[in-house]
Amino acid sequence: MFDSLSERLTAALRSVSGRSRLAEDNIAGAMREVRVALLEADVALSVVRRFTEEVRQRAIGQEINASLNAGQAFVQVVHEELVRTMGEANDALNLATNPPAVVLMAGLQGAGKTATTAKLARHLMERERKRVSVVSADVHRPAAIEQLRALSDEVGARFIPSAVGEAPVAIAKRALADARTRFDDVLIVDTAGRLAIDERMMAEIAQIHAAIDPIETLFVVDAMTGQDAAITAKAFNDALPLTGVVLAKVDGDARGGAALSVRSVTGKPIKFLAAGEKTDALEPFHPDRVASRILGMGDVLTLIEEAERKVDQRKARRLAGKLTTGRKFDLADYREQLQQMGNLGGAESLLEKLPGVGMLPEQARARLDEALFRRMIVIIDSMTPRERRFPDLIDGSRKRRIAAGSGTQVQDVNRLLKQHRQTQKVAKKTMRKGGMQRLARGLEAGSQAASRGGPPRRRQRRRRR
Amino acid sequence: MWKSKARAAATPPKSAGDGAPASAWSRLSRSLTRTRRQIASGIGDLLRGQRAIDAELLEELETSLLAADVGVAATDRIVDGLKKRVSRRELTDTTALHAALAAELVAILAPVASPLVIGAERPHVVLVVGVNGVGKTTLIGKLARRLGAEGHSVLLAAGDTFRAAAVEQLAEWGARNNVPVIAQGQGADSASVIFDTLTAAKARGVDVVLADTAGRLQAKTGLMEELRKIKRVMGRHAASAPHEVLLVLDAGVGQNALSQVREFDKAVGVTSLAVTKLDGTAKGGVLVAIAANFGLPVRFVGVGEGILDLQPFDAAAFVHALLRPGD
Numbered sequence: 054m055f056d057s058l059s060e061r062l063t064a065a066l067r068s069v070s071g072r073s074r075l076a077e078d079n080i081a082g083a084m085r086e087v088r089v090a091l092l093e094a095d096v097a098l099s100v101v102r103r104f105t106e107e108v109r110q111r112a113i114g115q116e117i118n119a120s121l122n123a124g125q126a127f128v129q130v131v132h133e134e135l136v137r138t139m140g141e142a143n144d145a146l147n148l149a150t151n152p153p154a155v156v157l158m159a160g161l162q163g164a165g166k167t168a169t170t171a172k173l174a175r176h177l178m179e180r181e182r183k184r185v186s187v188v189s190a191d192v193h194r195p196a197a198i199e200q201l202r203a204l205s206d207e208v209g210a211r212f213i214p215s216a217v218g219e220a221p222v223a224i225a226k227r228a229l230a231d232a233r234t235r236f237d238d239v240l241i242v243d244t245a246g247r248l249a250i251d252e253r254m255m256a257e258i259a260q261i262h263a264a265i266d267p268i269e270t271l272f273v274v275d276a277m278t279g280q281d282a283a284i285t286a287k288a289f290n291d292a293l294p295l296t297g298v299v300l301a302k303v304d305g306d307a308r309g310g311a312a313l314s315v316r317s318v319t320g321k322p323i324k325f326l327a328a329g330e331k332t333d334a335l336e337p338f339h340p341d342r343v344a345s346r347i348l349g350m351g352d353v354l355t356l357i358e359e360a361e362r363k364v365d366q367r368k369a370r371r372l373a374g375k376l377t378t379g380r381k382f383d384l385a386d387y388r389e390q391l392q393q394m395g396n397l398g399g400a401e402s403l404l405e406k407l408p409g410v411g412m413l414p415e416q417a418r419a420r421l422d423e424a425l426f427r428r429m430i431v432i433i434d435s436m437t438p439r440e441r442r443f444p445d446l447i448d449g450s451r452k453r454r455i456a457a458g459s460g461t462q463v464q465d466v467n468r469l470l471k472q473h474r475q476t477q478k479v480a481k482k483t484m485r486k487g488g489m490q491r492l493a494r495g496l497e498a499g500s501q502a503a504s505r506g507g508p509p510r511r512r513q514r515r516r517r518r
Numbered sequence: 051m052w053k054s055k056a057r058a059a060a061t062p063p064k065s066a067g068d069g070a071p072a073s074a075w076s077r078l079s080r081s082l083t084r085t086r087r088q089i090a091s092g093i094g095d096l097l098r099g100q101r102a103i104d105a106e107l108l109e110e111l112e113t114s115l116l117a118a119d120v121g122v123a124a125t126d127r128i129v130d131g132l133k134k135r136v137s138r139r140e141l142t143d144t145t146a147l148h149a150a151l152a153a154e155l156v157a158i159l160a161p162v163a164s165p166l167v168i169g170a171e172r173p174h175v176v177l178v179v180g181v182n183g184v185g186k187t188t189l190i191g192k193l194a195r196r197l198g199a200e201g202h203s204v205l206l207a208a209g210d211t212f213r214a215a216a217v218e219q220l221a222e223w224g225a226r227n228n229v230p231v232i233a234q235g236q237g238a239d240s241a242s243v244i245f246d247t248l249t250a251a252k253a254r255g256v257d258v259v260l261a262d263t264a265g266r267l268q269a270k271t272g273l274m275e276e277l278r279k280i281k282r283v284m285g286r287h288a289a290s291a292p293h294e295v296l297l298v299l300d301a302g303v304g305q306n307a308l309s310q311v312r313e314f315d316k317a318v319g320v321t322s323l324a325v326t327k328l329d330g331t332a333k334g335g336v337l338v339a340i341a342a343n344f345g346l347p348v349r350f351v352g353v354g355e356g357i358l359d360l361q362p363f364d365a366a367a368f369v370h371a372l373l374r375p376g377d
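Quick mapping for you: the protein sequence lines, in order, are chains G and R. Those letters in the first sequence? Residues 54 to 518, by this note's numbering. Those letters in the second sequence? Residues 51 to 377, by this note's numbering.
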């Protein structure tokens, strides 16, 4: 996608070639492409207008760098401007107050407030060592309170019970008193989803806000939201003094233009991305990454950071060393690499963050799951240490033995050997930048090899919790 | 009926408001105020000021459609069509342009307005799918009530075994409407819960089974595979089941809705759509693009929090509400 945008821009900027600067008369076509790209990413129209005007101002007079073509230079301008608009760096949660620091959650129905409440509780407990209690003031949706109870049990936050018959304001007040007497550091108050035009409900949340005076009031918005994101965010911001935004359901394939809309309309920082079904799936917001997504560039940085958190650094460095030199990256090393990738939480979540994944054939995507890694590891486990070190030894007879030992077919063994060779080759070629990028590339190469081999296998996967 | 409504949509506002009988209508039109206003700002000017059709005016139309989430491709197609007709002098005044736009939208949406019909086979099985938070469980609650009022016996399958308290949520809806719910609890195998429900439905001679599923983002291959399995298992019960795979869309969704339809369809063969939360400021205009691209029937729109606020989709009313100048 990134490629396609920069190609489209390059085409639109053809008239620029031979000139050293972008100028008003030669960027009109490119501005149109940027506008379309942003609209396709669901950035609100009013924000697109303002934003493209800023980009235009900045682009005019921009020198065309010799190392980039005009299209790439233009994408860079757009990307930088996106990052600037969304706030330069990640804004952390402000908890500097007399405890308990109260966090109020607000948003439309189904935005993901309750799930985010649990994720935030876990985040604060695990990463900031806070004592966290949670309460649900959602007396409207059936079983909403029960949902928060179950989730807080799961993450180990203290759940303050509430009941459907109680007034939401009373629940919030009672919870605050409770959290105070129990010396909790943070109290998170979950609320019912509400429409911004529902005056009664908006008054209710304003009353809750007044009653408990939260230091953080977070607006949770679904990353898949369209043009309405700007309208809703403005209405909530007018009714409540919001302090930040959480962008939820970022783990899908939505481009997330809502992030730009909400930020631009409210001026409030986006503090977190909620990206996954599990309760640990809350990441600090990084504008550059979301900018890349909006432009369809994938989110390689998050991938790298996640990789760094989950991968055994020592082993990774050793692997990277072997990959760099390209020498002796044997099957034992390949096995380690596969295992590390398994640790990243399955190839799916990893893949979603890679650029160009949308264009991978679905078969390839489907086959790239944990079961595949596991099977590959099992095949390697059925080899002798000598075979692992010298894959060239593996002849037809050995292949049959390995296949029998691992409960696979000879074709599977062949495929694994082929993928290993390819990983070696790809690694040698792309050996300049950070270690994890390499792993990711190797994976991509592997997936292409996998997609070529045979029909996809039906596999029943149990849902991971 | 269609025609008269289409015409009503196309004529100036005063006569259009007359003879709008159903409350469904007024609800929907109220709920679409937002969209209407967006489009109205262009149309309204045009009607009041009797402006000539010029590039600026066409651009305003384009803007209005984009701001309603209609999407770049569909908007371009619609506006280009209008431009061609303007250049052929088929449309010479603003009223004709307005009428042409309304007619064009109705022509796209009318073929997909088709209510849920309960077939002859018992039980008639509806599998409800969608991304997280679109309102699947709530829709099932309201739909159970509606079907019950129409005289059908209904059984609910608590197939969302993943989200905390989803089973309790559905059970609560069941209790409110006096409709039995088959559940195994959280963490159970969704396909197995639904299979059990089908067995129970057969034994009890129930008319309709509504099967809830966990919300899942369409990019999650593993979860989509799980959905395929659910459908396969249902097929083992009766070859024709599920009779309906209903994809629920949130009215607030943007262009990602197209990907949702495409991916869910690829996985389990979506047969129809429902749009929820149309009572807010969200415009739901992406339906135009979806109708143009996929032609899937739209069964329901959710226009409010109340249990009665689930309405059959009426294309003419939708477009009329969309285009009627501001209140």
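Hints in this document: simulated from the structure, not taken from any laboratory. From a predicted model like this one, the values you see are computed outputs, not experimental measurements. Virtual Cβ for every residue (Gly too), placed ideally from N, Cα, C. Hints are supplied without guarantee of correctness; some may be wrong.
The calculated lysine-lysine pairs, modelled on BS3-like cross-linking and capped at a C-alpha distance of 30 Å, are [stated by the list, open to error]:
1. G/Lys478 x R/Lys252
2. G/Lys226 x R/Lys252
3. G/Lys183 x G/Lys331
4. R/Lys281 x R/Lys252
5. R/Lys252 x G/Lys331
To be clear about the criterion: a stretch of chain G counts as covered by chain R if any three or more of its residues have a C-beta under 8 Å from a C-beta of chain R, and this derived list gives those stretches [as the list claims (entries may be wrong)]:
6. 91-98
7. 224-238
8. 316-324
9. 425-434
Now for the hints, and whether the structure bears them out:
{"no.": "1", "hint": "G/Lys478 x R/Lys252", "result": "violated, 59 Å"}
{"no.": "2", "hint": "G/Lys226 x R/Lys252", "result": "violated, 50 Å"}
{"no.": "3", "hint": "G/Lys183 x G/Lys331", "result": "holds, 20 Å"}
{"no.": "4", "hint": "R/Lys281 x R/Lys252", "result": "holds, 17 Å"}
{"no.": "5", "hint": "R/Lys252 x G/Lys331", "result": "violated, 36 Å"}
{"no.": "6", "hint": "91-98", "result": "holds (count 6)"}
{"no.": "7", "hint": "224-238", "result": "violated (count 0)"}
{"no.": "8", "hint": "316-324", "result": "violated (count 0)"}
{"no.": "9", "hint": "425-434", "result": "violated (count 0)"}
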